[in-house]
Amino acid sequence: EVQLVESGGGLVQPGRSLKLSCAASGFTFSSFPMAWVRQAPKKGLEWVASISSGGGGTYYPDSVKGRFTISRDNAKSTLYLQMDSLRSEDTASYYCARHEPQLTHFDYWGQGVMVTVSS
Amino acid sequence: DIQMTQSPASLSASLEEIVTITCQASQDIGNYLSWYQQKLGKSPQLLIHSATSLADGVPSRFSGSRSGTQYSLKINRLQVEDTGIYYCLQHYSAPWTFGGGTKLELK
Numbered sequence: 001e002v003q004l005v006e007s008g009g010g011l012v013q014p015g016r017s018l019k020l021s022c023a024a025s026g027f028t029f030s031s032f033p034m035a036w037v038r039q040a041p042k043k044g045l046e047w048v049a050s051i052s053s054g055g056g057g058t059y060y061p062d063s064v065k066g067r068f069t070i071s072r073d074n075a076k077s078t079l080y081l082q083m084d085s086l087r088s089e090d091t092a093s094y095y096c097a098r099h100e101p102q103l104t105h106f107d108y109w110g111q112g113v114m115v116t117v118s119s
Numbered sequence: 001d002i003q004m005t006q007s008p009a010s011l012s013a014s015l016e017e018i019v020t021i022t023c024q025a026s027q028d029i030g031n032y033l034s035w036y037q038q039k040l041g042k043s044p045q046l047l048i049h050s051a052t053s054l055a056d057g058v059p060s061r062f063s064g065s066r067s068g069t070q071y072s073l074k075i076n077r078l079q080v081e082d083t084g085i086y087y088c089l090q091h092y093s094a095p096w097t098f099g100g101g102t103k104l105e106l107k
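Which chain is which? The protein sequence lines are A and B, in order.
For the first sequence, counting from 1, position 71 maps to 71 in our numbering; every step adds exactly one.
For the second sequence, counting from 1, position 47 maps to 47 in our numbering; every step adds exactly one.
In short, the hints are calculated from the structure, not lab data.
Watch out, some of these pointers could steer you wrong.
Unchecked claim - Facing chain A, from chain B, some residues (calculated, C-beta under 8 Å):
hint, residue
1, Ala55
2, Phe62
3, His91
4, Ala94
5, Trp96
6, Phe98
As the list claims (entries may be wrong) - Cross-link-like lysine to aspartate or glutamate pairs, in silico, DMTMM-like; alpha carbons within 20 Å at most:
hint, chain 1, residue 1, chain 2, residue 2
7, A, Lys42, A, Asp73
8, A, Lys19, A, Glu46
9, B, Lys42, A, Asp73
10, B, Lys39, A, Glu46
11, A, Lys42, B, Glu105
12, A, Lys65, B, Asp82
13, B, Lys39, A, Glu89
14, B, Lys39, B, Asp82
15, B, Lys103, A, Glu1
All C-beta atoms in this analysis are idealised placements derived from N, C-alpha and C, irrespective of residue type, glycine included.
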């Protein structure tokens, strides 16, 4: 059974940093691109970052480019999201998601972790 | 960036009714379109990928179709467990973009 379990969320002040983790199991982690998707309270879904299966390719929307860094450790089957220079508008639930192998749709999602940016 | 205009924003329907939700892409995205269901307090779940392909384990009352740059999700014979918010996603080119969502309730 595919499982994605996020951790590392919490309350952080504006301008500070936070690192999220996503522990994967039930599939060959190194074979799949992975992503982070977020959802602000009572809002819709927003794609945040994606990474290729080997880690050599990373992709971001302009809203987080230069502030967020996605990475992975295939030996540990773990995905990461380093979030720097956090803003109040980054407050959201962050979901780890598995891409279909050709980096298209998201076929499995984690349960999400809440990040609150506030002073 | 490719914009996905989803309609309606909310919908109230009766049990066993047929429901249709649409997404209009701002440019050609081929079949790079998927649909997700999000129940209250839960993470999204894949329903349809490649515009028309049913994801594993999804009931056959769900179906997807495409006409040019307009994509539709159809639910035949609405059930109680189908309430929630539905999103489309274009994965033709980055940044991948979601529709604004459709909140589906039972009448």
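Next item on the list: Against chain A, run the beta carbon of Ala55(B) and see if the smallest gap drops under 8 Å.
Entry: holds (7 Å)
Checklist line | Hint consistency between Lys39(B) and Glu46(A) [alpha-carbon to alpha-carbon, up to 20 Å] | finding: holds (17 Å)
Note to self: Hint validation: His91(B) versus chain A, beta carbon distance must be below 8 Å. Holds or violated?
What the structure shows: Since the shortest Cβ distance to chain A is 4 Å, the answer is holds.
Note to self: Take the shortest C-beta to C-beta distance between Phe98(B) and chain A; is it under 8 Å?
What the structure shows: This interface hint holds because 4 Å falls under the 8 Å limit.
Margin query: For Lys42(A) and Glu105(B), compute the direct alpha-carbon distance and say whether it is at most 20 Å.
Written below: holds (16 Å)
Next item on the list: Against chain A, run the beta carbon of Phe62(B) and see if the smallest gap drops under 8 Å.
Entry: With a closest approach of 15 Å, the Phe62(B) hint is violated.
Note to self: Given the hinted pair Lys39(B) and Glu89(A), is their Cα-Cα distance within 20 Å?
What the structure shows: With Cα atoms ~24 Å apart, Lys39(B) and Glu89(A) exceed 20 Å; violated.
Notebook entry, point to check: Can the restraint linking Lys39(B) and Asp82(B) be considered satisfied, given a maximum Cα separation of 20 Å?
Noted result: holds (8 Å)
Note to self: Would the hint linking Lys42(A) and Asp73(A) be met if the CA-CA limit is 20 Å?
What the structure shows: It is violated: about 32 Å lies between the C-alpha atoms, which goes past 20 Å.
Next item on the list: Quickly compare the C-alpha distance for Lys103(B) and Glu1(A) to 20 Å and report which way the hint goes.
Entry: Given pair Lys103(B), Glu1(A) is violated - Cα atoms ~29 Å apart, limit 20 Å.
Next item on the list: Please verify that hint: Ala94(B), Cβ, nearest Cβ of chain A, below 8 Å or not.
Entry: holds (5 Å)
Notebook entry, point to check: How about Trp96(B): closest beta carbon in chain A under 8 Å, or not?
Noted result: Status holds, d = 4 Å.
The structure fails hints 2, 7, 9, 12, 13 and 15 (numbered hints given earlier, in ascending order).
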